[in-house]
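Trainee: Converting from the sequence shown to the working numbering requires adding 14 to each position, the first position being numbered 1.
What the hints contain is simulated information worked out from the structure, not anything from laboratory work.
Please note that a few of the clues may not be correct.
Here are the simulated DMTMM-like cross-link-like pairs (lysine to aspartate or glutamate), alpha carbons at most 20 Å apart as the crow flies [claimed, not checked]:
| # | residue 1 | residue 2 |
| --- | --- | --- |
| 1 | 129 | 178 |
| 2 | 167 | 178 |
| 3 | 129 | 78 |
| 4 | 180 | 126 |
| 5 | 129 | 149 |
| 6 | 129 | 181 |
| 7 | 167 | 149 |
| 8 | 216 | 202 |
| 9 | 167 | 198 |
Restraint ranges, calculated between C-beta atoms of paired labels, are given here [unchecked claim]:
| # | residue 1 | residue 2 | range |
| --- | --- | --- | --- |
| 10 | 238 | 46 | 48 to 58 Å |
| 11 | 221 | 17 | 51 to 61 Å |
| 12 | 80 | 154 | 20 to 30 Å |
| 13 | 107 | 36 | 19 to 29 Å |
| 14 | 154 | 26 | 21 to 31 Å |
| 15 | 46 | 170 | 34 to 44 Å |
| 16 | 219 | 50 | 43 to 53 Å |
| 17 | 279 | 201 | 44 to 54 Å |
| 18 | 174 | 48 | 23 to 33 Å |
| 19 | 237 | 151 | 47 to 57 Å |
| 20 | 167 | 253 | 32 to 42 Å |
| 21 | 50 | 212 | 21 to 31 Å |
The beta carbon of each residue, even a glycine, is placed where N, CA and C say it ideally should be.
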Amino acid sequence: MLLWMTRFQTFRPMASLPCLRVIASERQDDRSYRHEGRFRQREMHCLFKYTLEGRGVFRDAAGEHALPAGTGFLCEIRDPATAYHYPPDATESWRFVYAAFDGPAATAMVREWIKRYGPIYQLPADVGIVPRLLDSRSRGGEEVRISPAEGGKLVFDLLAALAESKDRTAREEPGNRLVLQAQEIVRENLGCNLNVSDLAAKLSVSREHLTRTFREQTGQTPYRYVLRQKMLLACRLLKETPLTNKEIAARLGYDAPAHFTRTFRNVMQMTPSRFRQVGVVPVR
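Produce the complete structure using the sequences and hints provided.
Mentor: Okay, here's the thing in structure tokens:
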């Protein structure tokens, strides 16, 4: 049973922003209530559905996921691998709120979110994005005209809340702690000739494990990170001190100034001397 629905009409929509379509709430206790992506191929929107009371079930390629109160799922409605339904063994109604949104930007973001975080999320019902979704009931039955920025902001805030709910946990994972420790060691040893094998030994892990974990967490290898940090320090020393190239090379752990000059030119696309004249220290 539909409890309330607010439709949104975006005037002059922009392809680069998600387009909010509907926020609504329902209560379901009919065991025939079921929606499957394979039967909704003409629909192009994305969906976030959040359980307020009772429980539902969401299915994807990985199997079925329970949706108790405080849990929601994110999906493309037309994904043939997905479905959601009221469980046949439930003893109380499933009450939920949902937001539907579409557009090329929305689809790309939802696909990336699901790839990184999965489809299932836990959020508090009393603070954050869920109360903002529920605020729409005050305009239930209306079609609200909004700007692309208004609709896009709510969708961005929703997706940001979903990501943050996962990232809080991810920050405590062993892989993330390993990378943070590695980065700290690198920053403390920029004046040494530190290679990835040395770094892995300091962390008591294999070079392969460190490289794989570092790339998963940061998108770059530890070798590239070490090199970039050295070159950023070199840039600052070139712009902020009168040190010669030879002195900077020695401070960064290079045995030969020519090796430093060659490396700097490969990374920064100009020689150290030229950078000192016209270069700008990169932000990262």
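Trainee: If a hint holds in the structure, say so; if it does not, say that too.
Mentor: Hints versus structure:
1. Between residue 129 and residue 178, the direct Cα distance comes to roughly 15 Å. Compliance with the 20 Å bound is thereby established for this hinted pair.
2. Proximity of residue 167 to residue 178 is assessed by CA-CA distance (about 16 Å); at most 20 Å being required, the pair is judged to hold.
3. For the hint pairing residue 129 with residue 78, the CA-to-CA distance comes to about 17 Å; that is within 20 Å, so the pair holds.
4. With a C-alpha separation of about 14 Å, the suggested pair residue 180 and residue 126 falls inside the 20 Å cut-off, and the hint holds.
5. Annotation: proposed proximity of residue 129 to residue 149 is violated, straight-line Cα distance about 30 Å (limit 20 Å).
6. A hinted pair counts as satisfied when its Cα atoms are at most 20 Å apart, and residue 129 with residue 181 qualifies at roughly 14 Å.
7. A threshold of 20 Å between alpha carbons decides the hint, and for residue 167 with residue 149 the separation of about 15 Å falls inside it, so the pair holds.
8. The suggested pairing of residue 216 with residue 202 holds, with an alpha-carbon distance near 12 Å, which does not exceed 20 Å.
9. For the suggested pair residue 167 and residue 198, the alpha carbons sit about 35 Å apart, so the restraint of at most 20 Å is broken.
10. For residue 238 paired with residue 46, a C-beta distance near 55 Å keeps the hint of 48 to 58 Å intact.
11. One distance hint, 51 to 61 Å for the beta-carbon pair residue 221 and residue 17, holds here, with the actual separation near 57 Å.
12. Checked against the hint of 20 to 30 Å, the pair residue 80 and residue 154 passes, with Cβ atoms roughly 28 Å apart.
13. In this structure the hint that residue 107 and residue 36 lie 19 to 29 Å apart at CB holds, the actual value being about 21 Å.
14. Between residue 154 and residue 26 the C-beta distance comes to about 25 Å, which sits within the given range of 21 to 31 Å.
15. Evaluation of the 34 to 44 Å hint for residue 46 and residue 170 yields a pass: the beta carbon distance comes to about 36 Å.
16. Restraint check, residue 219 to residue 50: a C-beta distance of roughly 44 Å satisfies the suggested window 43 to 53 Å.
17. Checking the proposed 44 to 54 Å range against residue 279 and residue 201 shows it is violated: the Cβ atoms sit about 24 Å from each other.
18. Under the hint 23 to 33 Å, the C-beta atoms of residue 174 and residue 48, about 31 Å apart, fit the expected range.
19. For residue 237 paired with residue 151, a C-beta distance near 54 Å keeps the hint of 47 to 57 Å intact.
20. Evaluation of the 32 to 42 Å hint for residue 167 and residue 253 yields a pass: the beta carbon distance comes to about 39 Å.
21. In this structure the hint that residue 50 and residue 212 lie 21 to 31 Å apart at CB is violated, the actual value being about 54 Å.
Hint compliance for this structure: hints 5, 9, 17, 21 are broken, all remaining hints hold.
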